[in-house]
Amino acid sequence: MHPLLSVLVVPGLIFTSVMSLIYAGIYRKVRARMQNRRGPPFLQPVYDFVKLLSKDSIKPAKAGFFFTWAPILALASILIVPILFPIGGLSFTGDLIVVIYVLNMSAIMLALGGFSSGSAFGAVGGSREVTQLFAYELPLAISMVAVAVKAGSFSLSGIAAAQEAGGMLFYQLPFACIAFLTIIPAKIGLAPFDIPEAEQEILGGPLVEYSGYRLAIFTFANEVKAFAVISLAVLLFFWYSWWQFLITGVLLWLLFIYIKVISARVKTDQSFMFFWKYIAILGLVDLVRVVI
Amino acid sequence: MEVVVQIGPQHLALAEPERFRIHTEGEKVVGVDVAVGYNHRGIEKLAERKTFEQDILLVERICGICSMSHPVAFVQAVEDIANVDIPERAKYLRMIIAEMERIHSHLLWAGIAAEIIGIETLFMYIWKDREYVLDQLEIITGNRNHYAWNTVGGCRKDITESQFPGLLNALEVVERRTEYYIDSFLRNRTIRARLIGTGILSHEDAVRYCTVGPTARGSGYAVDVRKDDPHLAYDQVDFDEIVLDGGDNLERAKVRLLEVIESVKIIRQAIDALKELPEGDLAVPVTGIPQGESVGRYEAPRGEVFHYVKSNGTFYPERVKIRAPTYANIQAVPSMLDGDTLGDVPLTIASIDPCFCCTDR
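As they're listed, the protein sequences go chains A and B. The first sequence runs 1 to 292 under the working numbering. The second sequence runs 1 to 361 under the working numbering.
If you are wondering where the hints come from, they were derived from the structure by calculation, not from laboratory data.
Straight line, CA to CA, 27 Å or less: simulated DSSO-like cross-link-like pairs of lysine-lysine: (1) B:Lys157 x B:Lys50; (2) B:Lys28 x A:Lys267; (3) A:Lys267 x A:Lys277; (4) B:Lys321 x B:Lys50; (5) B:Lys321 x B:Lys227; (6) B:Lys157 x B:Lys265; (7) B:Lys275 x B:Lys157; (8) B:Lys275 x B:Lys227; (9) B:Lys28 x A:Lys277; (10) B:Lys275 x B:Lys265; (11) B:Lys128 x A:Lys29; (12) A:Lys267 x B:Lys254.
For reference, chain B alone in the conformation it holds in the complex:
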């Protein structure tokens, strides 16, 4: 007999309102209906009513965690229309903040995953270490989130020489602790019992549903904008694209934690490069956006963020279209849950690191 269990719009395992109807036979999941759109705020329409400069701050507020991803994707599209090359220094500055955001986002996810499978200790530990990164972000940009770091043509602030030691120190702590977490994720038997073999997304399904980010890379599908279409200074730093084959929840957790270590590597190289670069202008002045259209792609912590911007030569964009990574990944959730038990559902939904306020905009 088929029973429908409804998870959401309000549920403890979901931080944001979204509805999943789980069709079950006994404990076994036989089908999932996903309904998104509970968090729609009309940001795309609102963006047409604001100037380009105001829109940067608007798209920054699409999501609390990807508050670097959306502005970078947006300004890249606008800079492409205006045909400006941003200063080399600004590229590295953007990249440092972007990778710090990736670190704290992945650590946040790991903490939530630990909490969902009932191991609060790991949650408390990980979130404590995440604070090191957030503290540095606050020291450098003035805010823990919503950094207001970008402008069309470059960055708004510089990282001063005196801020490097604190940043490097925080990175060292985070790297050491993350290695320890990888160890505990891999060796603890109760954690393995929950993660191994649950929420399996096959490579074919990962490709077929056009998944992005760590969700795709956990299933052996190598997509990463940083490698495929290098923007900022990602082609000048040395880092590995983490791709694992298993496709279950354990692999996705591993991908994220290993990416934290790669991000630490990227920031270290970017700091070295910044020390070499001469001090100069952080932004090139941009006077007026000409007519035209372009796209901005950016590898957010959850996958590819895609912004389409069309300009008609006025101060206001004619159209802004935003696709967040969760919108691509949520399609794969029914495939992941098929054949799992009801107890795995919250974890598997969380394993794509869903951000519904990005998805619904």
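Pulled out of the complex, with its shape left as it was, chain A reads as follows:
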């Protein structure tokens, strides 16, 4: 496939945007039905995006340089992840490292946007986001490295090919898989680890001062992040073929919506202890098993 086609159509911009908005629609509808509500129309995320674009975007007087650039960089960096997927995407040796990098980039941009918004709540949200990043980053890297070592390749298409040949990696690396799945709610800001965006404590955290097109881009970046991270989980542990990849992604998404709906928000220290004490060790077990 032509590289430009990969970047812009499948699995790049258009495919990712459509899938992210479908995911967001599923999220709002399913969550509402689980909560005894009717919920908004399925296309509400699209309406919201268009509506926000038409609104004024107010920049606070105290806001810094990154207030405008954080959402754009967050979206730009997270959009790189799907381009590397082995469903017609670009691939090169070592692109797993790029994935780890751009995933962090989007989290850091969220924190930077909070810090530069000039609001105390934004700053607290930003510092919580960074703390959260420190909490889950090591276990995340450990489980991804375990996968790479087992598959014998640091590229996503290599990992997919290894699974097509030798069966899903979930069976061989169950602990690393569980560790990775546990980190997903923290990565995409879902309960019980939605600490940086706690509405009742810090009024939505980093996003508190955002409005208009900046908010639209940030919200969309978060929706893309949800799709990208879930798809990555399927790719690393449950890959079989491209259609199974899409179905498993939606099923996993439903699982995470269910977990969000039934759990309360834990505190920063609790999530930190949880990730370092249990999840890091879980990932480490599989890494040691693979290396030995």
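Based on the hints, put chain B in the right spot on chain A.
Positioned in the frame of chain A, the structure of chain B alone reads:
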């Protein structure tokens, strides 16, 4: 280094304007300054300008949720001055509405607490079930809040025979659902992680700060006007006073939810008693309030409501003094927050079920 974080007067976790200055070292809370008075409306002074009959409707509007608590405390004080005994039927009628108010107030609190710790589902569920009670209140009294149920000397309306089945049905739903919520509060690990060990109020502090209501009873301090100084028909019904020892947010949540079930028990017994009682006058006529002074005590959902009324023999009271339960409980908040983290502050403030419009009057 000490940093001061200000919560309020406007904050998402506070439905009403009130200011808390939280002194923190890192995430840890080392001190709290509470400032009340942002919602002062001069109700006590206004009450002196209105007749006794008008004052009942005025004190009903002190609070949107305790709209049975304040009028009952007020009319009890006035009836004591006038030295009238209200009809037996009126006692039960008042008690039924009062306990229904307690149920919906406690469910409202549980929903808000769930929302503050980030579990919206429980909030949506609980508030949906609260509607059953509010619907019945609307059918019986004509309003979801502000029932205009009391008058000096008795009640203004009766509960008819045809309204009992609907009421009993709503009670059954609420009881079943509340048992389910107690289960989910106790078993869900993320909820336990937030509630256990936060906002601890020791028994000594509970006594020392003169806390009242569920806040006191969650710390093992048994105060309940319904048991200590029975008014209405509370000495003729069988119910338990829920007292738990832990003193943390979980215990206070448990006290409130268990009290919902006790309230259901009380209403069922009151309905049975009403069916036995002969139909008769709902109120005794009271002509003129003599000179004198008295107090009315009432166990509101949040604790003891205290009304002092002084009459000089005219149509107007000379002085009305109101103390709401939150005014007593808010003093204990600094003690609860001491040593907690900043993330616990909204929940712990909410755990006394603060009603600032009652407090500021």
